[in-house]
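Work the whole structure out from these sequences, hints included.
Those protein sequence lines, which keep their order, are chains A and B.
When you line the first sequence up against my numbering, it's residues 824 to 1061, in that order.
When you line the second sequence up against my numbering, it's residues 824 to 1061, in that order.
Think of the hints as simulated: they come from the structure by calculation, not from any bench.
There may be inaccurate statements among the hints.
Note: identical chains are not told apart, hence a pair may lie in one copy or across any two.
Straight line, CA to CA, 25 Å or less: simulated SDA-like cross-link-like pairs of lysine to any residue [claimed, not checked]:
1) K909 to D1019
2) K909 to L950
3) K909 to A953
4) K854 to A979
5) K909 to I952
6) K889 to Q1026
7) K956 to W916
8) K956 to P1040
9) K956 to A911
10) K850 to T881
11) K909 to K956
In case you want the letters, here they are:
There are 2 protein chains.
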Amino acid sequence: MQFFYHPDLVSHPVFELLPDEARHCLKALRKHAGDEISITDGCGRLATAQILSTEPPTRCVVQLLKVDHQHALRPHRFHLAIAPTKNADRIEWLVEKSIEIGIEQISFLRCEHSERTNLDLTRLQRLAIAAIKQSNTCLIPEMQLIDFSNFIDSPAIQSIHHRYIAWCADDLPRIEFALQPLQGQDAMLLIGPEGDFSPTEVQLALQQGFTAVSLGPRRLRTETAGLYGVCVYAGMQV
Amino acid sequence: MQFFYHPDLVSHPVFELLPDEARHCLKALRKHAGDEISITDGCGRLATAQILSTEPPTRCVVQLLKVDHQHALRPHRFHLAIAPTKNADRIEWLVEKSIEIGIEQISFLRCEHSERTNLDLTRLQRLAIAAIKQSNTCLIPEMQLIDFSNFIDSPAIQSIHHRYIAWCADDLPRIEFALQPLQGQDAMLLIGPEGDFSPTEVQLALQQGFTAVSLGPRRLRTETAGLYGVCVYAGMQV
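Encoded structure:
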């Protein structure tokens, strides 16, 4: 089954697919009026719709038949907060793979030691749309780019009981992320840039109730650490 | 600390670095006679060596000072047996990330539904050398390309008590891989090609004592499924 994307499945029962989606539907998949297709809005909804009329290659009017408002969403949320890598490809790879395995929120942190402080969120959003279509999931994670100091002070993070900071320095006792009792629990994991979090950032996080964790015996690259966290959390939810 | 690679740390205490390694050592890192460097053989050994003499850019003679024969090896082995993806990049990515997180053996399976039946193992070996140097680990996983039928009949797999086949079909009861008691245990995980294992292949595996497992609620791409297995196993070993 092929999912299509449309940002709004709530306002109108009859609408036109976006031009690129229509092209994919009519040209690549050769759908016709009368055919049924599946459409997600990336916010958890999955609709069954019928094609009413077409004007190839880019016009395709559909009518919603039914909408599942919580399609295969996980009951609990994983929020990854991670410093973007110097190489943008590696963050794009992380976004794609995380969506495939399961993630609800990604905050990209501007840290003291960050080598990259800008990020093309529009491009990441496009990648995320492609990723949910490819993996037949319905949730585009919320994504933001934010300074570490603003992030760590935001009230929203206080509501998550299980919040962790992965940190490479060896001078602080740390527990293993993979051993935390996170089944059925929301969780947040912070991962620093190539040069790691600064001591000030670590102190701020600890003051805000974060627990320092290790991601195993090896020093992983930033994006690998992120995906390890995503996989281990997903494994705990089965 | 930067690791260098040399395939033989056993036969001779004094030897020349490979030309590419010497270039990296002398030109990029500007090492000189008298400096100490770390060298791995990709078989688990890590040596401290002293540079005796140099002829930049490609000649660098070193003398071993001490050799750790089991550097940071995991006490237990994870063997991933996976059908190569149509797109070779995705398998290369899997090899690189798996080495970073931890893997001891990779068998690339030629399956009935395989879209790719050839594989450049020499190139993968080069990639693996780069990956161990990058991630400061000392083990290049054993890698082979093998027909599914030969693999499943090989006596070696019988010695691994925990052997699993990940399979997407829904008509067989499956248990969750992430819930298996694999801490301190060797394990083997089979992952099929884009078109999944054939029913015959699944039957053969079950006859050979493999247990059918699920890798969570989502249908993952082949290489994502592989890395999920690698991460979950690594998380169980901490």
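Hint check:
For the homomeric pair K909 and D1019, the shortest alpha-carbon distance inside one copy (13 Å) is at most 25 Å, but the shortest distance between copies (36 Å) is not. For the homomeric pair K909 and L950, the shortest alpha-carbon distances inside one copy (18 Å) and between copies (21 Å) are both at most 25 Å. For a Cα distance limit of 25 Å, the shortest separation of K909 from A953 qualifies both inside one copy, at 23 Å, and across copies, at 19 Å. When the C-alpha separation of K854 and A979 is checked against a cutoff of 25 Å, the pair qualifies neither within a copy, at 44 Å, nor between copies, at 50 Å.
Proximity of K909 to I952 under the C-alpha cut-off of 25 Å is found in both arrangements, the shortest distances being 23 Å within a copy and 23 Å between copies. When the C-alpha separation of K889 and Q1026 is checked against a cutoff of 25 Å, the pair qualifies neither within a copy, at 50 Å, nor between copies, at 39 Å. Proximity of K956 to W916 under the C-alpha cut-off of 25 Å is found in both arrangements, the shortest distances being 16 Å within a copy and 22 Å between copies. Proximity of K956 and P1040 under a CA criterion of 25 Å is satisfied inter-copy only: 16 Å between copies versus 35 Å inside one chain copy.
In the homo-oligomer, the alpha carbons of K956 and A911 lie at most 25 Å apart both inside one protomer (22 Å) and across protomers (22 Å), since each shortest distance falls under that limit. Only within a single protomer do K850 and T881 lie at most 25 Å apart by alpha-carbon distance; the minimum there is 9 Å, versus 56 Å between protomers. Taking the shortest Cα distances, K909 and K956 sit within 25 Å of each other only across copies (19 Å), while inside one copy they are farther apart (27 Å).
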